[in-house]
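Protein chains in written order, with the working numbering: chain L, 1 to 298; chain R, 1 to 276; chain U, 1 to 396.
For the record, the hints were derived by calculation from the structure and aren't laboratory data.
Be aware that a few hints might be false.
[To be verified] Examples of chain R residues toward chain L, derived with CB under 7 Å:
id : residue
1  : Ala13
2  : Pro111
3  : Leu122
4  : Asn125
5  : Leu130
6  : Phe204
7  : Leu214
8  : Pro218
9  : Ala237
10 : Leu245
[What the hints assert, rightly or not] To spell it out: a stretch of chain L is covered by chain R in this simulated footprint if at least three of its residues, at any positions, have a beta carbon under 8 Å from a beta carbon of chain R; those stretches are:
id : stretch
11 : 22-35
12 : 104-111
13 : 114-128
14 : 235-245
15 : 255-264
Predicted model only: the values in this text are computed from it and were never measured.
Note that the Cβ used here is the ideal one computed from N, Cα and C, for glycine as well.
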Amino acid sequence: MVAVVPSTGGQAPPAVTVKRPSRTGYILLFPGMAWLGVFFAIPFVTLFLTSLQQPIPGKSGKYKFGLEFGNYVTAFTEYWPVFLRSFVYAGIATILALCIAYPLAYFIAFRAGKWRSLMLVLVIAPSFASFLLRTYAWKTILSDEGIVTSTLNTLHLLPDGRILNTGIAVVAGLTYNFLPFMILPLYAALEKIDPRLIEAASDLYASPQTAFRKVTWPLSMPGVVAGTLLTFIPAAGDYINAELLGSTGNRMIGNAIQTNFIEFRDYPTASALSFMLMAAILVLVFTYIRRAGTEDLL
Amino acid sequence: MRWLRKNLVGIWAVLVLIYLFIPIAVIMLLSFNNPKGKYNLSWNEFSLDAWTNICGVPGVCSSFVTSIEIGIVSTLIATLLGTMIAFALVRYRFRGRSTTNLLIFLPMATPEVVMGASLLALFLNLRFPLGQGTVIIAHIMFIISFVVVTVKARLQGMDPRLEEAARDLYADPRAVFRYVTFPLVLPGIMGAALLGFSLSFDDFIISFFNAGTLVTFPIYIWGAAQRGIPVQVNALATLVFLIALVIVLTGQFVSHRRRRALEKPAPITVDLMSRS
Amino acid sequence: MANNEARPVEDLHLRNLTKKFGDVAAVDDLTLTIPAGSFFALLGASGCGKTTTLRMVAGLEDPTSGTISIGDRDITGLRAFERPVNTVFQSYALFPHLDIFENVAFGLRRRGIKDVKSTVDQMLDLVELGPMARRKPTQLSGGQQQRVAVARALINRPDVLLLDEPLGALDLKLRRQMQIELKRIQTEVGTTFVHVTHDQEEAMTMADTVAVMNSGRIEQLGHPADIYELPRTVFVANFLGQSNLITGTRSANSGDDVLVQASGLTFAVPADRCFAEGSNIIVGVRPEKITILDEVDADRIPEHHNRLSGRVTDVSYTGVSTQYLVQTAWDQELIVFEQNVVVGDRSEVGDAVVIHWSPRHTFGLDGSGGTSVGMDPEVLALEAMNASLISDASEA
């Protein structure tokens with residue numbers, strides 16, 4: 001075995017731009033940050049206050065200020081299975097998306113050559129067609145008479161004999177819809193890896209599997225973390241897939257928030273659910289990032 | 001066997017790309033369908049009705065126009081505000097940088113349903129009338145972060161020596177911005193605007209919470225899904241898809257020709273969607 | 001610019017120039033006059049403050065204290081775009097969105113000059129890029145981009161042209177060619193060129209005055225040949241070319257010579273070539289000044305020459321010359337270059353040899369700082385590694 005020392009080409013990094021302390025900075029920041037403050041941060045406060053409101057006796061759908069922490073208890077007792085289902089569906093979809101996306105991202109980053117730009121366009125192109133219609137299209141693809149269902153049925157792989165209106169359809173929809181959010185961060189991380197590192201690794205470790213495990217995979221970790229988060233978060237909060245592809249037994253937390261807010265006008269319960277979802281996601285995200293050792297991602 | 005092992009990744013890549021386009025193919029195919037019942041879910045017979053009479057169903061085209069209006073207005077405002085923030089972040093020193101970064105990051109990490117619900121809670125508490133205004137406010141809010149991230153990446157990727165060279169060559173600060181900084185950042189801003197428009201145009205969840213009685217294109221589709229989506233919707237979606245594809249491919253082609261001499265292609269699509 | 005109308009070119013003065021980043025002084029109380037019309041090189045390793053000096057002259061960095069002036073005009077307070085100074089940037093910083101013509105015209109346009117066509121064309125002809133005017137920078141080769149960068153700066157007829165590692169991005173052959181080219185342009189336009197580089201060969205080939213910089217200060221300044229032949233500090237002796245340095249102590253004076261005792265031997269250093277104040281003196285000699293002889297021929301050595309015996313540990317043939325490593329009695333390895341003018345008859349590894357050189361090629365340096373100042377840290381690390389390998393091997 002011959003060990004090769006790769007050359008370290010490249011130039012000195014460019015000088016750091018001098019940052020000027022000045023009023024201009026604040027002037028530039030103000031309008032946009034004020035917008036985010038008023039229409040993103042403050043709504044969280046009102047959401048929290050709403051989640052503690054009490055119903056006004058005798059007037060259904062009217063609420064008054066209160067500190068009804070019991071709303072959280074009620075919401076949780078009633079909806080914890082839905083919470084659990086949402087996270088399980090989102091989790092499975094995220095893992096599936098990672099498995100589907102990684103080889104594609106790897107291929108685009110290292111093997112695609114002049115096709116690289118075109119392939120990236122093809123990855124985002126499906127997003128140009130309406131999200132709702134794409135999800136709706138899966139109704140056709142996975143329908144009981146369709147080839148996917150009949151093929152799997154002849155192999156006796158489907159417990160219910162069908163895909164549509166089951167959890168499988170919901171997970172399939174989630175996986176499909178958020179796949180680009182997995183592919184692009186993975187690609188961005190892999191693309192930064194110097195291919196000579198992998199060559200050096202195969203040169204030193206000889207086996208491609210070991211080279212992948214010891215070099216490519218760890219170096220692509222920032223992409224894996226970013227991709228899984230960007231897939232998991234929207235998937236956990238989604239309700240379109242559950243609504244269009246699942247049955248009432250497959251409802252996710254998004255459905256619960258939506259129906260409570262818009263149909264039942266039970267604002268405190270809906271707000272408590274939203275708040276719990278957000279809190280659960282933030283806790284998950286931060287522990288996950290800690291674990292993966294990629295704090296600098298934020 | 002050897003060939004298969006060597007090309008396994010490539011075969012997988014092609015299969016995944018095909019998988020991504022299956023629903024698109026279904027949408028396109030069904031736009032030429034003449035459905036048997038009210039649901040346009042399975043193929044019945046070929047028909048050009050939807051294409052020749054694209055506004056034939058009440059509400060389709062008006063909701064489509066509403067979405068385009070909302071998209072243009074929110075994109076323009078969000079691009080301006082987001083670009084300003086990006087410049088401040090990269091070029092200026094200020095207090096509260098980490099809070100600022102957090103406030104920009106969080107909207108991208110918040111499920112849409114939570115953002116939609118919390119904004120609705122605000123509007124309800126303020127007794128703010130729901131409609132086009134509230135939808136535009138909401139869209140600007142969630143587009144800003146994406147604009148900041150995209151433009152910031154472009155600014156950071158710019159060689160600081162280019163602006164120094166301009167200063168050295170008798171350009172005062174305004175001239176540096178006008179003749180060097182702005183033209184160089186412009187592709188990033190355009191990319192951000194394109195992304196912003198497509199996010200706005202396709203948004204359902206946040207819009208649905210804050211629309212009141214207003215019907216955007218996605219809201220129309222959602223409502224129609226219960227009673228059968230008209231074929232015209234498929235035709236319009238196909239049209240939007242093709243137009244967007246042509247715009248992006250043209251952009252790619254132009255930037256590819258421009259950068260042919262550079263070894264590294266920097267496709268706009270990557271800054272577009274890498275959120276963090 | 002052949003039609004350069006007479007404009008008095010004036011000297012560039014730096015007075016007590018200091019630049020601190022936090023507590024670290026990148027440039028430390030630098031006082032320097034760069035004569036008008038000269039080709040001046042600031043030579044030093046990365047981080048020595050040469051680029052910071054250049055950026056302060058350009059107005060891209062504000063000095064912590066001190067002044068910069070051209071002739072009697074103090075330009076310290078002027079901003080970059082107000083100074084009659086232009087820069088050729090490292091890796092050129094050509095505007096990628098403008099074509100070559102517009103890149104070169106940029107400075108003229110910013111100063112509100114309307115008719116730029118003939119001036120730009122003339123400038124592009126000077127750098128032999130006339131036909132490329134409508135190309136974009138990325139469509140040009142490295143050497144062509146470099147010439148655009150020079151043209152873009154020179155067209156403004158600056159009082160001083162600053163060049164920041166202008167040839168760093170080019171390959172060796174092209175670099176040689178561009179050195180000659182730049183020298184030609186400088187002679188033609190007569191502008192003061194201040195050139196920053198870490199490449200000693202580049203500095204020596206092009207500049208008429210070289211200043212060797214080290215930790216924010218100038219170690220030595222002068223004509224390249226003078227600095228090379230007579231380094232005044234250990235840093236310069238090591239940084240500029242190679243030197244053999246032997247640590248010793250002052251013993252006595254003999255006529256015009258200072259005598260230095262080192263490991264039982266005595267070396268003569270002419271008093272006017274000795275820069276040591278105290279009793280510790282480092283005796284130095286350049287490798288090509290040494291003659292190597294077989295031990296049996298020792299009687300052929302001129303009487304007053306410095307000499308020592310040793311053993312050859314390495315011979316490398318480099319074409320023009322042969323490079324020997326000679327191990328002294330005190331285990332120091334000295335480098336000797338021998339011109340390959342004699343056919344055959346080279347010393348071989350293991351030969352006992354005598355090496356000698358004239359006192360007129362000897363220099364004496366202050367010995368308080370050790371002999372390795374200014375050596376490439378990577379070379380030092382390699383030597384340390386070699387030494388430990390050898391001692392490991394001898395233990396085993």
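Legend entry - Residue hint R/Leu122, partner chain L, criterion CB-CB below 7 Å: 4 Å, holds
Legend entry - Cut-off 7 Å, beta-carbon criterion: hint that R/Ala13 touches chain L: Holds: closest Cβ of chain L sits about 4 Å from R/Ala13, inside 7 Å.
Inset, instruction - With a C-beta cutoff of 8 Å, work out whether three or more residues of the stretch 255-264 of chain L approach chain R closely enough for the coverage to hold. - result: With 4 residues close enough to chain R, the hint holds.
Legend entry - Cut-off 7 Å, beta-carbon criterion: hint that R/Leu130 touches chain L: At about 11 Å, which exceeds the 7 Å cut-off, the nearest Cβ of chain L leaves the hint on R/Leu130 violated.
Inset, instruction - Go through the hint on R/Leu245 and say holds or violated, using the shortest Cβ distance to chain L against 7 Å. - result: 6 Å, holds
Legend entry - R/Phe204 as an interface hint toward chain L, with CB separation required under 7 Å: 6 Å, holds
Inset, instruction - Have a go at the R/Ala237 hint: is there a Cβ in chain L nearer than 7 Å to its own Cβ? - result: 5 Å, holds
Legend entry - chain R covers the stretch 114-128 of chain L, three or more CB atoms within 8 Å, holds or violated: n = 13 at 8 Å, threshold three: holds.
Legend entry - Given coverage of the stretch 235-245 of chain L by chain R, checked by CB-CB distance under 8 Å (3 or more): holds (count 6)
Legend entry - Hint check, R/Pro111 versus chain L [nearest Cβ-Cβ separation less than 7 Å]: At about 2 Å, which falls below the 7 Å cut-off, the nearest Cβ of chain L leaves the hint on R/Pro111 intact, so it holds.
Legend entry - Annotated coverage of the stretch 22-35 of chain L by chain R, confirmed only when three residues or more have a Cβ within 8 Å: holds (count 10)
Inset, instruction - Mind taking a look at whether chain R covers the stretch 104-111 of chain L? Criterion is 3 or more residues with CB to CB distance under 8 Å. - result: holds (count 5)
In summary, the structure is inconsistent with hints 5 and 7 from the numbered list given earlier, while agreeing with the others.
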